[in-house]
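Given chain A, put chain B in place with the hints provided.
There are 2 protein chains.
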Amino acid sequence: MMNIPMTVSSLLERAEKFFPNKEVVSRTLSGVERFSYRKIGERTRRLSSALEKLGVQRGDRVGTFAWNHHRHLETYFGIPGMGAVLHTINIRLAPEHVSYIVNHAEDVVLLVDEDLLPLVERVKDQLDTVKAFIIMTDKKELPETRLHPVFSYEDLLEEGDPNYSFVKDIDENDPAGMCYTSATTGNPKGVVYSHRSLVLHSFALGLADTAGLSEYDICMPVVPMFHANAWGLPFAATWFGTTQVLPGPQFTPQLLAELIEQENITLTAGVPTIWLGLLNELEKGDYDTSSLRAILCGGSAAPRGMIKAFETKYGIPFLHAYGMTETTPLATVSRLKSHQTGLDEEKMLDIRSMQGLLVPGLDMKVIGPDGEVKWDGQEMGELCLRGPWIADEYYKDERSRDAFKDGWLHTGDVVTIDPEGVVKIVDRTKDLIKSGGEWISSVDLENAIMAHEAVFEASVVAVPHDEWQERPVACVVLKEAYKGKVEKQEILDFISPQFAKWWLPDEVIFMEEIPKTSVGKFLKRALRDMVTKEMSGAVE
Amino acid sequence: MMNIPMTVSSLLERAEKFFPNKEVVSRTLSGVERFSYRKIGERTRRLSSALEKLGVQRGDRVGTFAWNHHRHLETYFGIPGMGAVLHTINIRLAPEHVSYIVNHAEDVVLLVDEDLLPLVERVKDQLDTVKAFIIMTDKKELPETRLHPVFSYEDLLEEGDPNYSFVKDIDENDPAGMCYTSATTGNPKGVVYSHRSLVLHSFALGLADTAGLSEYDICMPVVPMFHANAWGLPFAATWFGTTQVLPGPQFTPQLLAELIEQENITLTAGVPTIWLGLLNELEKGDYDTSSLRAILCGGSAAPRGMIKAFETKYGIPFLHAYGMTETTPLATVSRLKSHQTGLDEEKMLDIRSMQGLLVPGLDMKVIGPDGEVKWDGQEMGELCLRGPWIADEYYKDERSRDAFKDGWLHTGDVVTIDPEGVVKIVDRTKDLIKSGGEWISSVDLENAIMAHEAVFEASVVAVPHDEWQERPVACVVLKEAYKGKVEKQEILDFISPQFAKWWLPDEVIFMEEIPKTSVGKFLKRALRDMVTKEMSGAVE
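Chains A and B, in that order, give the protein sequences. Just so you know, we're using full-length UniProt numbering here: the first sequence kicks off at 1 and counts up by one. Just so you know, we're using full-length UniProt numbering here: the second sequence kicks off at 1 and counts up by one.
Bound conformation, chain A alone (with noise of 0.2 Å):
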């Protein structure tokens, strides 16, 4: 057989040659443009060679700061293209995780959204690397700056060649892209994605067993850009020709309900905050969702009550996913087998709330306190992960020695497998609750508790307890409408039926808001001691 290559520009090749008039939508700060593909293709072209012609090599890292929109998915291309590395940088990260990944990477360039460039300038000083900002941005002047030098994107472009050859001859190990992953302390971690384990996950996206990403499809990625490559859906997305909907910056759940009402979206992916905020809009307003196939939802848990609440009341289809940074992401993915169909819809509902089965090119296995766990739903234990796009390193990271043990991943998540093989994920390694020697799913209690009519988010956490070593404690924010209104006891109550006594939290603390991550996940770590702070100070 051919010794060829997989190589990330081939995928947008293939979009020019069978699909020139296929559409990425993108909206900016000026509002929502149209491009073909045939277009991307040759401004893509145009910035490897502006690249090129800035000095940038083969093998360097080239750093992107911004929002989903077409000149980020040309970056994607753009960038390995001509053989540097695409490095998305995450904008939500505090500035001193910006300085430290942009010189830990080491990236020569950076692309930087306009209204993004506040949030460069003030670690600017910090940066050793770079020797060059392009601003991307709509407008004809370059907008005020402290960063230098600075290059205006559409001006590189002007002076790019359209019809630029992406460089063949690279190995398919070859790094194409990187992203680093925020750790529970200290810096981020770098995980490198290689144009094989991009190629390979494409493949992935478009199994009909998996999210059969199409032609046919109308894709609005929400999940970032700047975050495990916008679950590789840009590269999959243009290999097939699917058209693009890039929702730009600042979105609101408004905004994402009117793009899929006026763009007929067939499929939208995204973490469960951005589609419990939808769903408060659609309860709000009245939008025609009826375009939408399915809602591809990972990076943490939903909620069986929202999965729910989506399907009965709204028609729309929910597709439950599991993956990480480290795995390209895409791992697990929920969908019923297909003996699985004549279920009763509550059990069927049952399983699709969980976080699915291994995607095929994978490999798994799930490692208890004394060993592998039987496949029963109950047995609990950390997943392990093996395949061609599982990274088995963090880019010059001492911390890669805990995750990467003899040849897996050791994903830090604890999970029970189901006699199908259905992967349930029970918790973190770090935020089970051990009490008196058992564990206790705080991601179990929280979905028990989110289905409550009253709750708009709930989160559980351990706090240290003399007698038990931990106990759980529930931190919830309910809906406007039932602010002050609702009271522990019947929080206890509603969740009673489905645990044993001593799972139930010890305390429900009614409040604002939940601490979340960048990328919209509850900050445990922080609630964790918030509530330890407050409770010990109601004890005192």
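Check each hint, because a few of them may be wrong.
Put simply, identical chains are the same to the list, so a pair is met inside one copy or across any two.
Unchecked claim - Derived SDA-like pairs: lysine to any residue, alpha-carbon spacing no greater than 25 Å straight-line: (1) Lys-374 x Arg-38; (2) Lys-308 x Arg-293; (3) Lys-337 x Arg-293; (4) Lys-168 x Ile-4.
Note that these hints are calculated values from the structure, not bench results.
Only chain B this time, still in chain A's reference frame:
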């Protein structure tokens, strides 16, 4: 990213792990049997260990001479699973070609179906490398045979290790399988499939935009497992946990229709000749074929009239595809693009009757007399393919030079490309009719003739002509009911509105049967010789 090789055995391991109770339905000489993937997995592991005990070494070629059934499926995984190379032998080859390829591949073991023993016995004295024959039979006692030494497949399995671990320390570029393809002249040519190519090809079969093979499918490959791995379906179907129905020896159109009805087949696959037979059968009998979501058809061009008959009369969607032994084989699939779904019925049928769009992962170009052809649906050229599941040589064969040039496979197929990029096969380079310096497509003429209600099959060949160099002659087989009732002029009048006058065949010869190759393709070379002889005789 992890350096994890893609291996054939990992496909089976997924079925064992996640779909142990899904079934392989196998028709053998004893009738229809059902095997769970758990059982298939266990039997395959026994086979691998049995082959090791027999002395088969890593890299050795092991031949199969068999129909489509569960044991043949076990060899698909059991042979590469212990590091050897699965060599599927076309049972319809001439004896001298069978002995040639067994010797050329240096097969060390042959696995032979009981009813095919005579075909191997007749060449046994010419086989230089085979050290053992394994007879695949349901019976307890081995049949009488002149082969030696012989082993019983089931006895070997009984002594095999059900917990055998498939070899893991292989390079994904190592050979996993091979298949010989008939040459126009001379001996068959061998194509070697790597583990990598077979896994990537399996991804390609599962994409929503190609065959969309899924766990939900019940897949019946009618295309022989000795022909381009039954188009890779057994590999992909096993990976996805798809129910497989293997139709066994000497099947008839009636048997296929019955299996479709009884087993609720959703996807079946084979060459046009098979579907002509099935269409005929459906017209006679009363079958429920409503479970079928698609008939995957390739190997040679399916007549538009046949596609239309299946779709309009029986509501069975046709999925026209193209590939060859050298392309593993999936290269194009004919699905409408999303923007074409609103076209009128006949226009959509026109598109879907073509060979279709290149599948993701491959690259193509079409070379005419003056370089790459225009995508205008008019200019003809030879289709050239490139990609990780395209062969780069014939196994130890000097003829590689003719087909593999400058990194491309030159397919020998003459095609046009429409403005959407859809490939349409016009002819084989060697079957094109060169008349007065212009090209006439024999395939276009055949399709037009086959649309006539009286016609069962038609083949158009070139005969030498003094003035025009070559001229087309049509060979036509009429349906039973029309025999003797249709004349040359009626056929010519029927097709003349579609073609320039100089395209019309000089002669229409009615015959009882059109000679076919072992895989059901028209044997044009033989037909051409026959017709040329007959015509020159007629003139004398």
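Each hint, compared with the structure:
{"no.": "1", "hint": "Lys-374 x Arg-38", "result": "between (52 Å within a copy, 17 Å between copies)"}
{"no.": "2", "hint": "Lys-308 x Arg-293", "result": "within (15 Å within a copy, 30 Å between copies)"}
{"no.": "3", "hint": "Lys-337 x Arg-293", "result": "both (18 Å within a copy, 18 Å between copies)"}
{"no.": "4", "hint": "Lys-168 x Ile-4", "result": "both (10 Å within a copy, 23 Å between copies)"}
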